[in-house]
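A.B. asks: Chains Y and E supply the protein sequences, listed in that same order. Per my numbering, residue 1 is the first one in the first sequence, and the count goes up by one each step. Per my numbering, residue 1 is the first one in the second sequence, and the count goes up by one each step.
FYI, nobody ran anything at the bench for these hints, they're computed from the structure. Worth double-checking, as some hints may not be accurate.
[Stated by the list, open to error] Below, a list of computed lysine-lysine pairs in the DSS-like style, where the Cα atoms sit at most 27 Å apart:
1) E:K43 x Y:K38
2) Y:K106 x Y:K44
3) E:K79 x Y:K44
4) Y:K38 x Y:K106
5) E:K43 x Y:K106
6) E:K79 x E:K59
7) Y:K44 x E:K43
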Amino acid sequence: IQLTQSPSSLSASVGDRVTITCRASQGISRYLAWYQQKPGEALKLLIFDASTLQSGVASRFSGSGSGIDFTLTINSLQPEDFATYYCQQLNSYPITFGQGTRLEIK
Amino acid sequence: EVHLLDFGGGLRQPGGSQRISCTASGFIFSNYAMHWFRQAPGKGLEWVAGIAGGSDNTKYTYYADSVRGRFTISRDNSKNTLFLQMISLRDDDTAVYYCAKRGPFGSPSYYSFDSWGQGSLVTVSS
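Isolated chain Y (complex conformation) (with noise of 0.2 Å):
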């Protein structure tokens, strides 16, 4: 199953509202998990199941979607959200991931 996400980067300023879609190839249920990836840092799960947020994980973070169509929004952009995020699906094997978002600071 192939995930396409996009944009594959992004300005945004902090305080902004940003969304990231990923869409597969074909239909995964809610079998979607949003990750953070920072330099030097082990990957960070924030959603699982679609759209329930990982304990800890700032509420400003939300996921919706299933079958097919898939979005991360953060709101209220922080310092600490400019990172890489990816999408990951886990309805079948292999295991596999969107391209990735790279999120910088305007």
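Keeping the supplied structure of chain Y fixed, place chain E upon it in accordance with the hints.
C.D. replies: This is chain E only, laid out in the frame that chain Y set:
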């Protein structure tokens, strides 16, 4: 607190072999499926292999097509350690390798990886 420590990376020549390990703490290791992922320099994330949790389920292993037949995932539950044995290494196996813990079986979070190691760099070059 869950902690995963990847180690064992290094420089290997094409055709060589390498074993990397991941030591876990902070949870009942044997109960959880564990997987390996990798990230080539400047590239995105790629799933490599997975192994089921549970004392009777370790025979259930899964591999990406790119590594099947060359890589073997295994675990030693008595030592809370996950392994990835790699043989017939190729240049395109160069990557940072991450171990990751899958969510609890039977829960919605099973369809995610809630803890990741910091990564171990494997470089394949002559």
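A.B. asks: So, for every hint listed, does it hold in this structure?
C.D. replies: Okay, the hints, checked on the actual structure:
no., hint, verdict
1, E:K43 x Y:K38, "14 Å, holds"
2, Y:K106 x Y:K44, "23 Å, holds"
3, E:K79 x Y:K44, "25 Å, holds"
4, Y:K38 x Y:K106, "18 Å, holds"
5, E:K43 x Y:K106, "23 Å, holds"
6, E:K79 x E:K59, "18 Å, holds"
7, Y:K44 x E:K43, "18 Å, holds"
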